[in-house]
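Number of protein chains: 4
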Amino acid sequence: MDNSPMLHELTMKVRDYELDLQGIVNNSVYMNYLEHARHEFLNDVGVNFNQLHLDGYDAVVIRAEIDYKKSLRSGDEFVVKTSTRREGRLKIVFHQQIIRLADQALMVNASIFTACIHKNKPVEPIFILEKLWLI
Amino acid sequence: MDNSPMLHELTMKVRDYELDLQGIVNNSVYMNYLEHARHEFLNDVGVNFNQLHLDGYDAVVIRAEIDYKKSLRSGDEFVVKTSTRREGRLKIVFHQQIIRLADQALMVNASIFTACIHKNKPVEPIFILEKLWLI
Amino acid sequence: MDNSPMLHELTMKVRDYELDLQGIVNNSVYMNYLEHARHEFLNDVGVNFNQLHLDGYDAVVIRAEIDYKKSLRSGDEFVVKTSTRREGRLKIVFHQQIIRLADQALMVNASIFTACIHKNKPVEPIFILEKLWLI
Amino acid sequence: MDNSPMLHELTMKVRDYELDLQGIVNNSVYMNYLEHARHEFLNDVGVNFNQLHLDGYDAVVIRAEIDYKKSLRSGDEFVVKTSTRREGRLKIVFHQQIIRLADQALMVNASIFTACIHKNKPVEPIFILEKLWLI
Chain V
157 MDNSPMLHEL
167 TMKVRDYELD
177 LQGIVNNSVY
187 MNYLEHARHE
197 FLNDVGVNFN
207 QLHLDGYDAV
217 VIRAEIDYKK
227 SLRSGDEFVV
237 KTSTRREGRL
247 KIVFHQQIIR
257 LADQALMVNA
267 SIFTACIHKN
277 KPVEPIFILE
287 KLWLI
Chain H
157 MDNSPMLHEL
167 TMKVRDYELD
177 LQGIVNNSVY
187 MNYLEHARHE
197 FLNDVGVNFN
207 QLHLDGYDAV
217 VIRAEIDYKK
227 SLRSGDEFVV
237 KTSTRREGRL
247 KIVFHQQIIR
257 LADQALMVNA
267 SIFTACIHKN
277 KPVEPIFILE
287 KLWLI
Chain P
157 MDNSPMLHEL
167 TMKVRDYELD
177 LQGIVNNSVY
187 MNYLEHARHE
197 FLNDVGVNFN
207 QLHLDGYDAV
217 VIRAEIDYKK
227 SLRSGDEFVV
237 KTSTRREGRL
247 KIVFHQQIIR
257 LADQALMVNA
267 SIFTACIHKN
277 KPVEPIFILE
287 KLWLI
Chain F
157 MDNSPMLHEL
167 TMKVRDYELD
177 LQGIVNNSVY
187 MNYLEHARHE
197 FLNDVGVNFN
207 QLHLDGYDAV
217 VIRAEIDYKK
227 SLRSGDEFVV
237 KTSTRREGRL
247 KIVFHQQIIR
257 LADQALMVNA
267 SIFTACIHKN
277 KPVEPIFILE
287 KLWLI
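Chains as they are written, first to last, in the numbering used here: chain V, 157 to 291; chain H, 157 to 291; chain P, 157 to 291; chain F, 157 to 291.
No lab work stands behind these hints, which were simulated from the structure alone. Just so we're clear, the structure is a prediction, and the values are computed from it rather than from any experiment. Idealized CB from N, CA, C, for every residue including glycine. It is possible that part of the hints are untrue.
What the hints assert, rightly or not - Computed beta-carbon distance windows for the label pairs: (1) H:Ile291 <-> F:Met162: 50 to 58 angstroms; (2) P:Val201 <-> F:Glu221: 50 to 58 angstroms; (3) H:Lys237 <-> F:Lys169: 15 to 23 angstroms; (4) F:Val201 <-> H:Asp211: 16 to 24 angstroms.
As the list claims (entries may be wrong) - The calculated lysine-lysine pairs, modelled on DSSO-like cross-linking and capped at a C-alpha distance of 30 angstroms, are: (5) H:Lys237 <-> V:Lys247; (6) H:Lys287 <-> H:Lys277; (7) F:Lys287 <-> H:Lys169; (8) H:Lys237 <-> V:Lys226; (9) V:Lys225 <-> H:Lys275; (10) H:Lys169 <-> F:Lys169; (11) P:Lys237 <-> F:Lys277; (12) V:Lys275 <-> F:Lys275; (13) H:Lys169 <-> V:Lys237.
This is chain V alone, in the form it adopts within the complex:
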């Protein structure tokens, strides 16, 4: 099975310290939103990012493709929708969308390519793939 039917949704709200001088959420902050949503997703299926690290496995981002469509502003509520897909033997790709709740507008569309590192080498993340129904 190449494509996971699992979809994770996390609702968040813009915090004023995340805005920059243009009065919009700074580009780097969307990376924070996306990362938090991925970690919550993993956590919900039983994979704790912090515990992974303590166990000697580090999930790392190796490539990010992010399309910024519209800008979130002060007070905006939004949902981060995340689905996953396996690519090759070693990669898990997270497809993520940030959607503004007020009007369901697409703010950000992203593909985040990740790998799992153990003792400085990429390893097949079997236990994560299983939890995400990608195997």
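Based on the hints, put chains H, P and F in the right spot on chain V.
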């Protein structure tokens, strides 16, 4: 002229608050580094990002492609190399590399696609293109 | 009336990007939590921080006293409790506590002294004081 | 000797992503500046914060007192001046000032109280005190 001969270099150093629980610079922080290098580049050729905003023009990122090759760690010094390219009538693309000084290793390779917004519409950023010798 | 009976509570959860290399929430991030809680408090009583700024009034922090008791870690949920007090004619003091939900332990105890600036001068923030029942 | 004659200075420059919607450096960011200056100070006398952590010793902030005098803005260069003082057997206090280079104006005045934790207990940080000439 499709490719600019101008190259900007900015040397920076990792700050410990930029590290995450894995002991490496968090992915979102590289976006900060890249943004700061772009703003310094623009500033050096006479385009001030803050003044642009006050004048009613907002330079915005519309797409980011980032390859994470290796991870910066506590104390690492690095240089951000930036060159620019025009794409179509409305876009300026910044090609950016983050290189660790100690061994000249490539940490991050990025293409940042930007547009200039005036009164909610994309406009041809003539004065920026001129300063960057892209016109 | 010197002390406001109003108490605001905001529940939040640690996000992994907020942790530093010690695996604990970085000290500066508590400032983010406290600020967000103050803005939500103000918003709930009808004072929008962003709108204040657009109207030419800037609420600014002039002094922060923060006692760090214990450290929040990955996955911790917590509540920020905020009460307010007037000090002198020009200052509003926010007393804020961050309490870990799992065991009700006190993580942070803070007093944040704020003033309201209009045209570069401190002004008596009548409309805010009224909304907070401090007048 | 109660007061150290050692004084550390670190020059930095505001980065635009550190500004908030008011166009000034966000309050929490000064905590980042102060922390980075402390770590550089320690590093310069031979105490590496990251290595400390790996060795099982965590230097932690237990109290921060910060007076915000003026606000740094886009492009401002500033110096963080840091001196240290021992307090009691277990605490090291960092006195820190942030001064804008252009006019030598005092932006921030801070006292940061720190302790050293080993196996969950505060310990007398002899080797740090020695390096800082506080013993």
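> Taking the CB of Lys237 (chain H) and the CB of Lys169 (chain F), does the distance hold inside 15 to 23 angstroms?
Replying inline: Distance hint for Lys237 (chain H), Lys169 (chain F) holds at roughly 19 angstroms.
>> Taking 50 to 58 angstroms as the stated bounds, is the beta-carbon spacing between Val201 (chain P) and Glu221 (chain F) within them?
In response: violated, 28 angstroms
> Are the Cα atoms of Lys237 (chain P) and Lys277 (chain F) separated by 30 angstroms or less?
Replying inline: holds, 28 angstroms
> Within a Cα-Cα threshold of 30 angstroms, do Lys275 (chain V) and Lys275 (chain F) meet the stated pairing?
Replying inline: With a Cα-Cα distance of about 26 angstroms, the restraint between Lys275 (chain V) and Lys275 (chain F) holds, given a limit of 30 angstroms.
> Could one say that the CB atoms of Val201 (chain F) and Asp211 (chain H) fall in the range 16 to 24 angstroms?
Replying inline: With a Cβ separation near 46 angstroms, Val201 (chain F) and Asp211 (chain H) fall outside 16 to 24 angstroms, so the hint is violated.
> Straight-line Cα separation of Lys237 (chain H) and Lys247 (chain V) no greater than 30 angstroms?
Replying inline: holds, 28 angstroms
> Is the hinted pair Lys287 (chain H) and Lys277 (chain H) satisfied, with a Cα-Cα distance of at most 30 angstroms?
Replying inline: Measuring from Cα to Cα gives roughly 22 angstroms; hence the hint holds.
>> Does Lys169 (chain H) sit within 30 angstroms of Lys287 (chain F), going by the straight-line distance between their CA atoms?
In response: holds, 23 angstroms
> Straight-line Cα separation of Lys237 (chain H) and Lys226 (chain V) no greater than 30 angstroms?
Replying inline: OK: Lys237 (chain H) and Lys226 (chain V) at ~28 angstroms, within 30 angstroms.
> Regarding the pair Lys169 (chain H) and Lys169 (chain F), is the alpha-carbon distance no greater than 30 angstroms?
Replying inline: holds, 13 angstroms
> Are the Cα positions of Lys225 (chain V) and Lys275 (chain H) separated by 30 angstroms at most?
Replying inline: With a Cα-Cα distance of about 16 angstroms, the restraint between Lys225 (chain V) and Lys275 (chain H) holds, given a limit of 30 angstroms.
>> Given a hint of 50 to 58 angstroms, does the C-beta separation of Ile291 (chain H) and Met162 (chain F) actually sit inside it?
In response: holds, 53 angstroms
Of the hints listed earlier, those the structure fails to meet are numbers 2, 4, 13, in rising order.
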